[in-house]
Amino acid sequence: MNFITQAQLTEWLDGIAHQQTLIAPYKMADILLYQPVQSSLMIAWDSIRPVMSAKEFFFPPSERLLLIEKGAAGIKLTETLPKGRQVIFGARPCDAHGIKVLDALFLDKPPVDLYYASRRANTTIIGLACKEMGSSCFCTSVGGAPDDASNMDVMLYPAEGGYAVEAVTEKGRSLIPDSLYTIDNRQRPAFNFISNIVNPQSINWPAHFDDEYWARTSERCLSCRACAYVCPTCRCFSVRDEFLPVEADGCNPGCAQYERIRGWDSCEGENYRRTAGGHRPRAEKSQRLRNRYFCKFYFYPEQYGLGNASACTGCGRCVDICPVNVDITEVITDLAR
Amino acid sequence: MRTFDQGADGVLILGCHIGECHYETGNHRAAKRLPILKALMSYAGLEPERLRLDWVSASEGERFSRIANEFVETVRALGPIKWRVPSGEAAILTQQFAAIRGDVPLVEQSCAVKTDAIRAKARELLNNGVVGYVIGYEVGLRGRTRPSFANTPEEANKLVWNPDCTYNLTTYLGKKRRPAVKGIEQPKPVAVVVKPCDSRAINVLLAENQFTREQVYIIGVTCEGTQHDPGVLQARCQVCNERVPVVYDTLIGDPPPQHEAKPSPVVLKVAELEQKTPAERMEFWLSQFDRCIRCYACRQACPMCNCPVCLYERDDSLWIGMGINMNEKRAFHLGRAYHLAGRCVGCNECERACPMNIPISLLNMKMAQEIEAAFSFRAGLKPVPSPVVTVLSGEYKEG
Amino acid sequence: MSDTTNPMKPYLGKLTAVKDLATEIKLFRVELLNGGRDAFASFQPGQFAFVSAFGFGEAPFGIANTCQRGPCVDFAVNRLGSVTTGLHELGEGDIVGVRGPLGNCFPMDAFKGRNLVVLGGGIGGAPLRPVIQTVLDNRADYGRLTILWAARTPSLLVFTDEYDEWRAAPDTSLHLTVDQADEKWDHNVGLITQLLEKVAPASENAVTITCGPPIMIYYVTRMLEKMDFAAKNNYVTLEARMHCGLGKCGRCNLGTKLICVDGPVFNMAQVGELMETFL
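Protein chains in written order, with the numbering used here: chain A, 1 to 337; chain B, 1 to 399; chain C, 1 to 279.
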């Protein structure tokens, strides 16, 4: 296998950090997050998976779509496409699986979303296989694996003394310097945990649409939306125009400036589907909770051609984060019965 | 608050003299609210002299110009404000901060006895048709305690009491009431299991007419404290003086002994922040808000946050932008803390629900301290509204 | 043309006319500028577009005319929220943004040779106007046209100055109703379902097109099926709060369908297959 020591890895990452934005797991206030780091010293090395997924570096919590200037000369619209290359180090297979699910939405189904596409093209993902399985992980139930390298650009596998490293794509290959690794005669380590949660795609979802189960399970739901925000694949967003009180670069004086901004939202929110006229479909928590699960396992796969795969990556973030223990694995297990 | 966010170096608020308000009590409310707001803004890093409230009548030209000149001089002496975080600037990550944890061991709890008593009471209420359903606690598949809704006496046997019963179930009494389930009618009262802190929340909700006393049957439980890390009392329980619910229909458990008296980490941290300079405090808070993703889990978990459409999500007024940037996040948290002044009972559900460990309790505790100092008032001891919404006469007037 | 390879960036358009249609409802006629002209060269009845009141935001509106009666694009806007208030403040000559045309359309070709029953409630009449215009402009291609037009009060009826043109067309009838009449009203009073019962159009070789508040669509389509109109012949145009209109933001999903790309035009057989109700 191609072998790289910890020291070689940190040196490589420090080199990357000088040329691009390096994003890696970082610990803040006891919370593990993917954050831009200035050097490999800031990386939290012994960690499973961060609370937030890597989706925010492709589809950020909020981003400006357009800059709108209203002046005497009329209206000027300026697209604000993201620039700047970034490398995400330490992405877990569930994060990469999530990016693939979002690719189906933002890239594969026309029209292409230019903002996501720009970030996607400018990002290189260095993945890290999982040495252990978290208590809420079930990636193997949805077609993933702790050492799944698909959708990574480079993949690292923890090994004795360091890591096995593999270039998965051309983009990844171009990031690895020639002298980075040594080749030894060890086998690349495999990580073979299996979750005992049943594959959710084996459930006949439409048959459960009208179950009372949703009302009972959603009783304790707070509609807090935290599940959607930590999820690697949730993609609901809102678009709004907002006044910019301070002049942006390059704006002509005498113009009023606004930005058209899009930001994360979630179908769990109480007023998500409320129309100006006051009509509120999905007024009940049960309808919203049901929609989230159906979207993950039935609607989204059909709408975006995932075939027999679900849009869930089995990362278990929602299980950990839900304040009232609404548990996706429990739902899957209950419905599979 | 938003004026400072948009770049003003100072804000001067002038009202009519007390007793001369055209709307009778507008300036009463301002007189009570401004000092609390000033304390909050100062706590977040604003020099308090930049915000001033004073009284001028329309005919007092000389007084007006004197106050305005004084204020301008004061602000000028302070220099340009450093409050707004320019968009695009990298987050300030210098301050690492361990999440607030309690440091007193949990005492022996009489869980089994209370569990049985709660189940018995719930069964009795459901059997006699006194209530439509009982909101309590159960243990889920992963061994996590969570809220439970018992509709039948059989389901009542799932209810438990243990040191993980930290949830404030009163949040389900108002707006977030459970959906209509087929075959189960709603009009009967609802029973809810409450700890002392939760019972105070009920008083606040009653004072605010969220429901009537007859609509809720309160199963009060005496509390020895709840845990976050196993075996350790939660930080918020360390400040608790009530071990017995302040309002209840039935009481379960005996008044427990006092726990070991040790200053609460929350109170200590608030005091520590108060000693710092405004700039240090601002840096601290910006480091905390940096993590915020505006998921609003804090708001949803809070029993007191029950506006039909949250002020910060209204499209028409746009008090807060949608952008997940520092200024908007700070405005949300400070605004929410301010709206909870005199109403927050310190159940700390907000901080517990937050996926990012933002120390919201430090804001709420500060507000509670200010309210107690200014009005000798603690939220929820009686069904009386927060002093910040009432007028100076001390008696609550309708309308 | 920088105008828009970016589907989230609107074309600019100039308001050539702003007319009061009813209480708090205005008609906006937009002349597309630059690249927008090509994009809107051939829009179809049933399609919609996002109209931006810059500074307030954008919202989806059904296109209220045919491109044969173009080239400008008509939108009927009811003032209800922040975007519509922003639009109502604009006047002739002002600039708006337009994104589209989006969505699917009424299958006007499949309707040829058949009788049409068009039911419009309140501002729901706006996306039905291009259907009516298509039939009137190609009268020989279509059978009988029965229009049922409703509103809560007479002051909320839309396109009142076109009723004479509609009535005057051959083999075309117009029936009006309001929930609450005023002194000057001398047509029907009652819900559109009651009017439908009274008019009782024949279901043979007919298709129906309904648009209005969701509750109206629900009751009207139920009644139509009782009157022997097969579900697959009952067309509706549904709405949901949309933010992107491109099938990305996920807001408008109805079961497996997205109203912005799989709709907004559906027939009731399709709606019946969806697990979720639009109500």
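A hint or two may mislead.
Taking lysine-lysine pairs in the DSSO-like style, the calculated list, with each CA pair at most 30 Å apart, reads [unchecked claim]:
no., chain 1, residue 1, chain 2, residue 2
1, C, Lys-14, A, Lys-70
2, A, Lys-27, B, Lys-188
3, A, Lys-76, C, Lys-112
4, A, Lys-27, A, Lys-76
5, A, Lys-70, C, Lys-19
6, A, Lys-83, B, Lys-262
Sample of chain A residues with no beta-carbon within 10 Å of chain B, all distances over it, derived [unchecked claim]:
no., residue
7, Lys-131
8, Gln-257
9, Pro-323
Honestly, the hints are just simulated from the structure, not real lab data. Each residue gets a CB set at the ideal place from its N, CA and C atoms; glycine is no exception.
Tested hints:
In summary, the hint linking Lys-14 of chain C to Lys-70 of chain A is supported, as the alpha carbons are separated by about 14 Å, within the 30 Å threshold. Our distance criterion of 30 Å between C-alpha atoms is broken by Lys-27 of chain A and Lys-188 of chain B, whose separation comes to about 49 Å. Our distance criterion of 30 Å between C-alpha atoms is broken by Lys-76 of chain A and Lys-112 of chain C, whose separation comes to about 44 Å. The straight-line distance between the Cα atoms of Lys-27 of chain A and Lys-76 of chain A is roughly 42 Å, outside the 30 Å bound, and the hint therefore fails.
Restraint check for Lys-70 of chain A and Lys-19 of chain C: the C-alpha separation of about 24 Å stays at or below 30 Å, so the hint holds. In summary, the hint linking Lys-83 of chain A to Lys-262 of chain B is not supported, as the alpha carbons are separated by about 53 Å, beyond the 30 Å threshold. Listed as a non-interface residue, Lys-131 of chain A keeps its Cβ farther than 10 Å from every Cβ of chain B; the least gap is roughly 22 Å. The claim that Gln-257 of chain A lies off the interface holds: its Cβ sits roughly 12 Å from the closest Cβ of chain B, which is beyond the 10 Å cut-off.
Non-interface status of Pro-323 of chain A relative to chain B is broken: a Cβ of that chain comes within 10 Å, the nearest being about 4 Å off.
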